[in-house]
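If you read the sequences in order, they're chains Y and D. Under the UniProt record's numbering, the first residue of the first sequence carries the number 1, and numbering increases by one thereafter. Under the UniProt record's numbering, the first residue of the second sequence carries the number 1, and numbering increases by one thereafter.
Please keep in mind that the hints were generated in silico from the structure rather than gathered at the bench. Some hints here could point you the wrong way.
[Unchecked claim] In silico SDA-like pairs for lysine to any residue, Cα to Cα no more than 25 Å straight-line:
(1) Y/Lys65 x D/Cys283
(2) Y/Lys44 x D/Ile157
(3) Y/Lys66 x D/Gly284
(4) D/Lys86 x D/Leu306
(5) Y/Lys66 x D/Glu48
(6) Y/Lys65 x D/Leu43
(7) Y/Lys66 x D/Ser50
(8) Y/Lys66 x D/Glu45
(9) Y/Lys66 x D/Leu43
(10) Y/Lys66 x D/Lys89
(11) D/Lys129 x Y/Glu53
(12) Y/Lys65 x D/Glu42
(13) D/Lys89 x D/Gly315
(14) D/Lys129 x Y/Leu54
(15) Y/Lys44 x D/Cys283
(16) D/Lys129 x Y/Thr50
(17) Y/Lys65 x D/Lys86
(18) D/Lys86 x Y/Thr6
(19) Y/Lys66 x D/Leu306
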Amino acid sequence: MVLIRTAVLALMLLTIGLFASHTSAVSECCRSYTRGIIPCNAIKGYSVQTVKELCHINAIIFYTKKGRAACTNPALGWVMTCVDRLRNKAQMVHNRTSQA
Amino acid sequence: MKSMSMTNLGVKCRTDGQEAMENLTDSFDNSTYDDYGYDEYELKEPCEMSNNHRLELVVGPYIHSIICILGFIGNSLVIITYAFYKRAKSMTDVYLLNVAIADLLFVLALPLIIYNEEYSWVMGTAACKLLHGVYSMNLYSGMLLLACISTDRYIAIVQARRSFRLRSLLYSRVICFFVWVFALGVSIPTFVYYEVFTSNNTAWRVKILVPSTQIAVGFFLPLLIMVFCYTSVIITLMRAKNFQRHKAVRVVLAVVAVFIACHLPYNITLLYEAVNMFNQQECGMVDIQQVAKTVTKTIAYLHCCLNPVLYAFIGVKFRNHFRKIVQDLWVTSEIYVSTRRSVDGSSDNGSSFTM
Chain Y
1 MVLIRTAVLA LMLLTIGLFA SHTSAVSECC RSYTRGIIPC NAIKGYSVQT
51 VKELCHINAI IFYTKKGRAA CTNPALGWVM TCVDRLRNKA QMVHNRTSQA
Chain D
1 MKSMSMTNLG VKCRTDGQEA MENLTDSFDN STYDDYGYDE YELKEPCEMS
51 NNHRLELVVG PYIHSIICIL GFIGNSLVII TYAFYKRAKS MTDVYLLNVA
101 IADLLFVLAL PLIIYNEEYS WVMGTAACKL LHGVYSMNLY SGMLLLACIS
151 TDRYIAIVQA RRSFRLRSLL YSRVICFFVW VFALGVSIPT FVYYEVFTSN
201 NTAWRVKILV PSTQIAVGFF LPLLIMVFCY TSVIITLMRA KNFQRHKAVR
251 VVLAVVAVFI ACHLPYNITL LYEAVNMFNQ QECGMVDIQQ VAKTVTKTIA
301 YLHCCLNPVL YAFIGVKFRN HFRKIVQDLW VTSEIYVSTR RSVDGSSDNG
351 SSFTM
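Can you build the whole structure from these sequences, using the hints too?
Right under this line is the structure:
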């Protein structure tokens, strides 16, 4: 019986400890797409959100030079054009760096 | 529990090294546009869900730990009673013991899941799958066993003539075995897919399949069985001329009412979420939905602390056993405190257990 009381106490402390460290680290998800077109030269970078992970829709998230994030629809032509430009830019940097 | 819910599949089991983000930034582009020709305020940004985050900060550490502790104490008491004081003699006993085991495993898995989600699965992918699998299995077996209890009472009261044949210990053990196997079977998608999906199509299917199964098998099936059985039980009781019947009817009504009050709101939010999952939604709506889910999920978890009270401790015999446990605990602690020596835990009332 002493054992049980110790077990209950230990579990209580453990549970409170576990839950007390609970800070939200849930990732943010795009739930809708930006309407309209963002000019490619306003975009600094991008990341990819896929339905294969936690989030429920596929999206390309653009980061603008003004420091905002924009969820966009990967099915649209302009989105992939901007992605390609960023890729080319990265490739150029790669070429320049590896030549030097 | 969970962003802990079983519907948040996908990224859950990933450990830190697996970031899949493809992030490109150009720091050398010196273009000096001030006006990019679009309105910054029309952008749809990823949803922050700040209200839900704030709520989880309270619900996580305080309310969930209270539920876990109460659930642990209540269900362990039921198990201890069956282990040391009262051998499982009837069909109902076997079911009650199994419900207590399912609920106990559930409250043990819960803090571990929450802890691991905070620290990106320090225990690894296997632990992630195992814990979520155990969680899901106990959810299903717990709910289905409650349905079994209702059929048991139905047979005992409505089909009283057949009850001797149908309510044997062997039958109930076989039924419990099948319930656990069935619960394991329904949880297989959780065991298999609690990780990154391999294709879009599997992702869509599993993300819909898991909450739908939970709503159908984990709520509506037991609800239908319970409503049918308990309605028949109440009708039979009302016809009987017995002073005890009012108490029995009240108990039955309480069992059904608590079941519905705990699980209906959560299952409605799950259903709403499943229906709108792949549609575009505004962040405000998503946030409200998440808040509703956090609240209703907590209410649903509460059910596993109420089960011992509603099913076991409501019985007079069980309460007497329970009183004896408390007495034994009390006597032991008295001896412990007064003599400051370790005690082997056996008390002098003739009961034959040692801990």
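Practice prompt. Kindly indicate which numbered hints from before are broken by the structure, ordering the numbers from low to high.
Written response: 2, 10, 17 and 19
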